[in-house]
Amino acid sequence: MTDLIRLDVAPGQGPQRLDRFLAEALEDYSRAQLKKLIDDGRVRLDGIPVKAGTRLKGGETILLAPFKPEPINAIPQDIPLNILYEDSDLIVIDKPAGMVVHPAPGHPDGTLVNALLYHCRDLAGIGGELRPGIVHRLDKDTSGVLVATKNDLAHQSLAEQFKEHSIRRRYLALVHGQVQQARGVVDKAIGRHPTERKKMSSRSRQGRRAVTRWEVLRRFDLDRLSWLELALETGRTHQIRVHMSELNLPLVGDPVYGQQRRANAVADLELRKRLQRLQRQALHARLLGFRHPTSGEYQEFRSPLPEDLGQILDYLDEKYQLSESSRLVVGTPADAE
Numbered sequence: 001m002t003d004l005i006r007l008d009v010a011p012g013q014g015p016q017r018l019d020r021f022l023a024e025a026l027e028d029y030s031r032a033q034l035k036k037l038i039d040d041g042r043v044r045l046d047g048i049p050v051k052a053g054t055r056l057k058g059g060e061t062i063l064l065a066p067f068k069p070e071p072i073n074a075i076p077q078d079i080p081l082n083i084l085y086e087d088s089d090l091i092v093i094d095k096p097a098g099m100v101v102h103p104a105p106g107h108p109d110g111t112l113v114n115a116l117l118y119h120c121r122d123l124a125g126i127g128g129e130l131r132p133g134i135v136h137r138l139d140k141d142t143s144g145v146l147v148a149t150k151n152d153l154a155h156q157s158l159a160e161q162f163k164e165h166s167i168r169r170r171y172l173a174l175v176h177g178q179v180q181q182a183r184g185v186v187d188k189a190i191g192r193h194p195t196e197r198k199k200m201s202s203r204s205r206q207g208r209r210a211v212t213r214w215e216v217l218r219r220f221d222l223d224r225l226s227w228l229e230l231a232l233e234t235g236r237t238h239q240i241r242v243h244m245s246e247l248n249l250p251l252v253g254d255p256v257y258g259q260q261r262r263a264n265a266v267a268d269l270e271l272r273k274r275l276q277r278l279q280r281q282a283l284h285a286r287l288l289g290f291r292h293p294t295s296g297e298y299q300e301f302r303s304p305l306p307e308d309l310g311q312i313l314d315y316l317d318e319k320y321q322l323s324e325s326s327r328l329v330v331g332t333p334a335d336a337e
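For the sequence shown, the UniProt record's numbering assigns the number 1 to the initial residue and increments by one for each residue that follows.
If you are wondering where the hints come from, they were derived from the structure by calculation, not from laboratory data.
Please note: incorrect hints may appear among the correct ones.
[As the list claims (entries may be wrong)] Lysine-lysine pairs mimicking BS3-like chemistry, simulated, CA-CA at most 25 angstroms apart:
(1) Lys163 <-> Lys140
(2) Lys188 <-> Lys198
(3) Lys36 <-> Lys51
(4) Lys199 <-> Lys163
(5) Lys198 <-> Lys36
(6) Lys68 <-> Lys36
(7) Lys140 <-> Lys51
(8) Lys35 <-> Lys68
(9) Lys163 <-> Lys188
[Stated by the list, open to error] Label pairs and their in silico Cβ distance ranges:
(10) Asn73 <-> Leu7: 44 to 52 angstroms
(11) Lys140 <-> Thr195: 22 to 30 angstroms
(12) Glu318 <-> Gly58: 37 to 45 angstroms
(13) Ser295 <-> Pro96: 27 to 35 angstroms
Cβ atoms here follow ideal geometry from the backbone N, Cα and C, with glycine treated the same way.
Using the sequences and the accompanying hints, generate a full structural model.
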């Protein structure tokens with residue numbers, strides 16, 4: 001029997017329509033999926049089937065019986081992987097931008113999962129049918145370090161570390177905008193955008209707490225650009241992209257939360273061309289640290305800056321007469337926690 005999903009409507013969350021509440025609370029469901037669940041009587045309010053337009057006052061309890069997901073039968077595919085580390089428990093990958101992590105509608109193959117199934121023949125079934133071996137993810141167009149597990153014990157250990165927020169994660173990002181402070185913290189809940197289902201937002205009334213620490217590594221004030229390192233305390237969907245955008249510091253090249261007009265307005269013609277050629281958000285997962293699931297030893301893995309971002313930074317470093325070492329300095333958000 002499918003497990004029921006329980007949602008408690010807080011007293012301050014009314015009045016609002018049931019379907020809007022569900023759309024914000026259940027970010028993995030489309031509006032069409034939620035409508036079908038409601039129409040099929042799978043959504044009950046205080047034990048009674050309800051309609052989409054039912055008004056919530058606050059204080060109610062909603063029970064939802066989801067449909068059993070259709071398994072995506074991922075097939076092994078011989079896709080090259082840049083392996084940073086591997087043992088009998090886990091594998092650490094340097095994921096390129098453009099690679100989807102797991103199969104989904106619209107991306108049935110060519111994903112990291114397909115590559116892992118080919119490389120690690122015993123991955124199937126670990127961590128669930130849809131995402132074998134996967135304990136976290138990076139957006140398709142975010143590059144950098146990602147870990148996958150090879151057995152249930154390793155999967156449980158790393159999943160618990162992510163849940164406890166004890167995993168060390170560091171990202172590098174090039175953003176539009178000038179930052180006055182040296183560092184800061186964004187503590188704003190993130191949930192599904194109330195009207196645009198493909199976006200996340202801090203304006204959602206059903207958001208989950210999200211904390212991002214950031215520090216300025218370099219300022220390129222003439223071009224209104226900043227090079228940041230960011231540390232995640234939580235791991236919400238699109239967290240860095242949402243938080244930076246809502247600080248009016250959108251990531252360069254971000255097709256969802258960015259502002260292309262700002263790249264088009266860069267006065268330096270050569271820099272403008274380089275920014276416009278970037279085919280993804282300027283975000284790179286440079287470091288991942290965790291306790292090994294078997295030995296308990298702390299391990300840390302780093303990914304070098306990929307060529308597409310490196311070429312932009314090379315140009316800026318030369319223009320501002322900066323050394324390559326200035327891209328990353330000691331005393332970044334890791335030490336502020």
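Is Lys68 within 25 angstroms of Lys36, Cα to Cα? OK: Lys68 and Lys36 at ~13 angstroms, within 25 angstroms.
With the threshold set at 25 angstroms, check whether the alpha-carbon distance from Lys163 to Lys188 stays at or below it. 18 angstroms, holds
Is 37 to 45 angstroms a correct range for the gap between the Cβ atoms of Glu318 and Gly58? 58 angstroms, violated
With the threshold set at 25 angstroms, check whether the alpha-carbon distance from Lys140 to Lys51 stays at or below it. 36 angstroms, violated
Consistency of beta-carbon spacing, Leu7 to Asn73, with hint 44 to 52 angstroms: 31 angstroms, violated
Does Lys36 sit within 25 angstroms of Lys198, going by the straight-line distance between their CA atoms? Answer holds: Lys198 to Lys36 is near 19 angstroms, not above 25 angstroms.
Holds or violated: Lys163 to Lys140, with C-alpha atoms at most 25 angstroms apart: 22 angstroms, holds
Between Ser295 and Pro96, does the beta-carbon spacing fit 27 to 35 angstroms? About 29 angstroms separates the Cβ atoms of Ser295 and Pro96, which means 27 to 35 angstroms holds.
Measuring from beta carbon to beta carbon, are Lys140 and Thr195 in 22 to 30 angstroms? 23 angstroms, holds
For the pair we were handed, Lys36 and Lys51, check the Cα-Cα distance against 25 angstroms. 11 angstroms, holds
Need the status of pair Lys199, Lys163: alpha-carbon distance at most 25 angstroms? 23 angstroms, holds
Run the distance test for Lys35 versus Lys68: straight-line Cα separation, threshold 25 angstroms. The hint holds at about 16 angstroms.
The earlier numbered hints that this structure contradicts are 7, 10 and 12.
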